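**Q** Chain by chain, the residues:
Protein chains: 2
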Amino acid sequence: MLSKIFLKMSLTRRWFLACGSMLVAGAIAAAAQNDPAAVVSPADRLIAAATNTDFAYRRLAKLCDTFGPRQAGSSNLEAALDWIVKEMKKDGLDNVHGEEVLVPHWVRGAESAEMLEPRRVALPMLGLGNSIGTPAAGITAEVLVVTNFAELQKRASEAAGKIVLINQPFETYGRTVRIRRDGAIEAAKAGAVASLIRSVTPVSLRSPHTGAMLYSNGVPKIPHAAITVEDAEMMQRMQERGEKIVVRLQMSAATLPDAPSRNIVAEVTGRERPDEIIIVSGHIDSWDVGQGAEDDGGGMISAWEAARLMKQLGMQPRRTVRVVLWTDEENGGSGAKGYEKRHKEELAKHILAMESDSGACQPRNFTFAGSDKALAHLKEWTGALAQLGMSSVSKGGGDADVNELIQDGVPVMSLHCDSTNYFWYHHSAADTMDKLNPRQLGLCSAAFAVMAWQVADAPVDLPR
Amino acid sequence: MLSKIFLKMSLTRRWFLACGSMLVAGAIAAAAQNDPAAVVSPADRLIAAATNTDFAYRRLAKLCDTFGPRQAGSSNLEAALDWIVKEMKKDGLDNVHGEEVLVPHWVRGAESAEMLEPRRVALPMLGLGNSIGTPAAGITAEVLVVTNFAELQKRASEAAGKIVLINQPFETYGRTVRIRRDGAIEAAKAGAVASLIRSVTPVSLRSPHTGAMLYSNGVPKIPHAAITVEDAEMMQRMQERGEKIVVRLQMSAATLPDAPSRNIVAEVTGRERPDEIIIVSGHIDSWDVGQGAEDDGGGMISAWEAARLMKQLGMQPRRTVRVVLWTDEENGGSGAKGYEKRHKEELAKHILAMESDSGACQPRNFTFAGSDKALAHLKEWTGALAQLGMSSVSKGGGDADVNELIQDGVPVMSLHCDSTNYFWYHHSAADTMDKLNPRQLGLCSAAFAVMAWQVADAPVDLPR
Chain A
1 MLSKIFLKMS LTRRWFLACG SMLVAGAIAA AAQNDPAAVV SPADRLIAAA TNTDFAYRRL
61 AKLCDTFGPR QAGSSNLEAA LDWIVKEMKK DGLDNVHGEE VLVPHWVRGA ESAEMLEPRR
121 VALPMLGLGN SIGTPAAGIT AEVLVVTNFA ELQKRASEAA GKIVLINQPF ETYGRTVRIR
181 RDGAIEAAKA GAVASLIRSV TPVSLRSPHT GAMLYSNGVP KIPHAAITVE DAEMMQRMQE
241 RGEKIVVRLQ MSAATLPDAP SRNIVAEVTG RERPDEIIIV SGHIDSWDVG QGAEDDGGGM
301 ISAWEAARLM KQLGMQPRRT VRVVLWTDEE NGGSGAKGYE KRHKEELAKH ILAMESDSGA
361 CQPRNFTFAG SDKALAHLKE WTGALAQLGM SSVSKGGGDA DVNELIQDGV PVMSLHCDST
421 NYFWYHHSAA DTMDKLNPRQ LGLCSAAFAV MAWQVADAPV DLPR
Chain B
1 MLSKIFLKMS LTRRWFLACG SMLVAGAIAA AAQNDPAAVV SPADRLIAAA TNTDFAYRRL
61 AKLCDTFGPR QAGSSNLEAA LDWIVKEMKK DGLDNVHGEE VLVPHWVRGA ESAEMLEPRR
121 VALPMLGLGN SIGTPAAGIT AEVLVVTNFA ELQKRASEAA GKIVLINQPF ETYGRTVRIR
181 RDGAIEAAKA GAVASLIRSV TPVSLRSPHT GAMLYSNGVP KIPHAAITVE DAEMMQRMQE
241 RGEKIVVRLQ MSAATLPDAP SRNIVAEVTG RERPDEIIIV SGHIDSWDVG QGAEDDGGGM
301 ISAWEAARLM KQLGMQPRRT VRVVLWTDEE NGGSGAKGYE KRHKEELAKH ILAMESDSGA
361 CQPRNFTFAG SDKALAHLKE WTGALAQLGM SSVSKGGGDA DVNELIQDGV PVMSLHCDST
421 NYFWYHHSAA DTMDKLNPRQ LGLCSAAFAV MAWQVADAPV DLPR
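Residue numbers (this note's numbering), protein chains in the order written: chain A, 1 to 464; chain B, 1 to 464.
FYI, nobody ran anything at the bench for these hints, they're computed from the structure.
Which copy is meant is left open, so a pair is good if it fits within one copy or across any two.
Below, in silico cross-link-like pairs of lysine-lysine (DSBU-like), each with a Cα-Cα straight-line distance of 35 Å or less:
1. Lys379 with Lys89
2. Lys221 with Lys189
3. Lys244 with Lys90
4. Lys62 with Lys86
5. Lys337 with Lys189
6. Lys311 with Lys341
7. Lys344 with Lys373
8. Lys379 with Lys311
9. Lys62 with Lys154
10. Lys62 with Lys189
11. Lys311 with Lys244
12. Lys337 with Lys379
13. Lys337 with Lys62
14. Lys244 with Lys62
15. Lys244 with Lys89
Note that the structure is a prediction, hence the values are computed from the model and not measured.
Taking the hints into account, I'd like the entire structure generated from these sequences.
**A** This is the structure:
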């Protein structure tokens with residue numbers, strides 16, 4: 001089966017797999033023996049299996065191409081969840097089911113932005129998640145360009161009645177995303193009638209990026225949208241030349257009542273202590289553009305693949321490995337909140353909760369939020385990760401969903417990948433399957449499989 | 001004046017200029033003396049002046065932002081030409097005028113592509129220049145994906161009645177652009193009702209790229225458009241999975257009667273042999289998307305700036321330096337053909353014709369199509385180019401417009417820049433002013449100024 005699939009693959013894909021295979025040549029060579037289990041460690045078996053197939057890549061491609069983006073509240077997402085449940089059952093995973101939660105249901109609707117003065121130009125744009133719409137005729141107003149919140153505060157007296165454009169260049173995501181999250185609040189405080197931001201990305205090919213935004217009690221709600229780096233820079237230049245800029249913004253965005261969705265749960269039940277849980281996870285929802293392939297299709301499928309490989313290899317760890325595919329990470333984390341609430345009584349027996357939510361390129365390392373004693377164990381158990389080109393586990397935070405479990409004392413962990421190009425695609429129409437490749441997805445799956453196995457099968461519990 | 005401008009610039013721009021200044025620190029330090037002409041060579045004076053200002057950058061930004069893209073036949077282009085003539089006169093350039101030619105007038109009109117099966121997805125697209133339109137209801141047909149012309153020929157029996165998508169990955173522009181130029185011909189030969197190509201670019205953020213295409217006598221004309229790398233790859237995957245793909249293509253493109261346009265000509269008249277001409281040039285037209293900033297705003301403004309600097313510095317060479325801003329390079333080269341016809345009798349006295357049409361990033365080298373004897377002179381005269389980080393002149397071809405003069409024996413030359421990212425933006429909405437920077441534009445202007453001066457002021461004619 002594998003060789004047939006391999007020959008049907010494009011040359012590029014075969015090359016990627018060949019590289020993956022070379023990287024873990026030792027493990028594969030050993031696994032190729034007649035009785036691999038006798039001579040090869042469980043970690044090496046999982047690595048060999050994960051890096052010698054493009055199964056996860058093809059499965060994710062099928063999901064992305066068939067269902068498209070998977071926004072919380074959308075029928076796309078629910079159809080994708082139905083399909084996933086079926087596929088997980090085909091994999092022979094245990095206890096496959098959905099756990100219902102209510103998720104926010106923001107819909108973009110028709111939207112456009114056009115510069116009317118000094119020259120008519122259609123401005124590619126994306127309304128930001130949770131923004132209100134404009135009146136049907138749109139909002140037409142003069143534009144004030146500022147480069148950050150400090151400048152906005154200084155020039156607040158000029159902002160009244162205007163559309164404020166925050167043209168802040170990308171530094172890091174963490175630093176720059178504030179303009180997306182809080183831009184409408186800060187602009188409204190200054191009296192603006194709408195706010196635009198320069199898309200939060202280091203590289204643009206006239207490509208707008210969406211994402212969640214907030215309003216604040218007591219501050220008027222104004223429409224909030226992202227335009228491209230190119231157009232933000234153009235308006236900056238126009239303002240510096242003293243030219244009057246007028247833009248018309250039309251958005252029919254609306255927030256509908258919360259909608260039912262589900263976290264998807266599936267397990268490899270532990271052979272000795274089935275009530276002790278190691279979570280491997282990613283989020284299944286995305287924004288409503290592109291395919292949500294990097295964010296977070298890659299993380300989600302790597303978690304799923306780790307469990308699938310254990311089943312395929314007939315490997316059953318002491319404790320239970322639980323795959324959780326979170327719904328609604330993007331717009332408030334109601335999936336993770338729902339899980340925390342539903343499983344509150346069992347969280348004392350959640351040994352570790354892992355997530356991947358920074359793409360699925362070359363895996364770099366795991367970061368761990370837990371005790372030093374636990375960290376020492378983890379380092380000791382996971383030497384095999386070096387085969388994947390990864391450095392050891394280090395202290396650090398988890399991703400958004402698993403972080404929800406910290407309040408219950410659950411140690412959490414994130415799988416980090418090379419994120420050089422991650423924000424080029426993030427929350428945009430360009431977050432599509434071609435940005436991933438089978439080799440790197442195999443390495444990510446291997447990383448999750450090794451870490452999950454080593455903790456789930458350890459002779460001692462990971463201490464809190 | 002300069003320092004005031006400098007302080008008004010953004011920090012980034014100041015940094016770029018500072019770098020440019022450091023690079024040519026020797027020349028600038030010398031030029032800063034009280035009597036620079038006495039101690040500094042003409043080449044060093046031109047380099048110092050070109051790299052110590054962002055005048056060309058700001059002028060090009062004004063042009064791009066004010067007039068937008070400048071397609072042959074468009075009112076944008078003609079308005080830009082009027083403005084350029086005025087500005088050139090302000091510069092004090094000699095003999096500023098337009099030379100009329102008729103140019104093709106293709107208009108895109110409304111257009112769209114949508115995948116209907118296996119999933120409805122709007123496909124970002126750009127019709128290709130000179131394509132016919134579709135019937136008003138569009139063309140709805142099953143898609144056959146091939147990866148190159150060889151595969152199309154092999155599978156020709158499957159193509160009848162279908163939309164053929166040529167999903168050829170980018171290698172070099174020269175190799176890959178054939179699918180854009182000849183794709184409709186090859187697809188029509190196989191019986192296709194329309195043809196789509198994967199955009200000719202190495203990097204995509206769901207961004208389509210346009211450009212010229214051809215029909216062939218005796219082969220039916222079918223509509224021809226570019227979709228994105230992402231969507232071409234998606235359809236390739238769908239076909240490999242055995243899924244039926246149906247697309248609806250709607251294009252209202254049309255070719256109108258040829259329209260009047262102009263090459264713009266301006267000079268620094270030679271002090272001894274004014275009838276001997278050294279051309280510095282770039283093309284002013286662009287495609288109808290983006291701003292034509294890299295292609296070829298940067299080349300065009302560098303040529304213009306070289307002459308402006310000579311005037312500003314009061315430098316008059318022995319022979320005439322003639323700036324030519326070609327119209328309609330993009331859709332057939334009618335500007336260059338018109339020049340060749342109009343000036344046929346004078347071409348024996350065209351000493352050299354230079355063009356820049358590969359963006360205006362870090363200049364790398366000049367290539368020269370002429371005699372070995374001339375090449376030896378050029379190398380001897382242009383040692384100053386090393387200050388700009390450039391290698392010496394080497395044998396090679398010219399750019400499209402000046403190549404038109406080779407038939408008349410005119411030696412031609414191209415200024416080549418680092419083109420690492422050039423095809424990311426080329427012929428797309430992302431070819432905008434932010435892709436250039438003042439420092440590199442200064443280096444390009446300096447390169448042209450030095451080369452033009454050294455040939456125009458040489459004690460001996462450049463031999464043919």
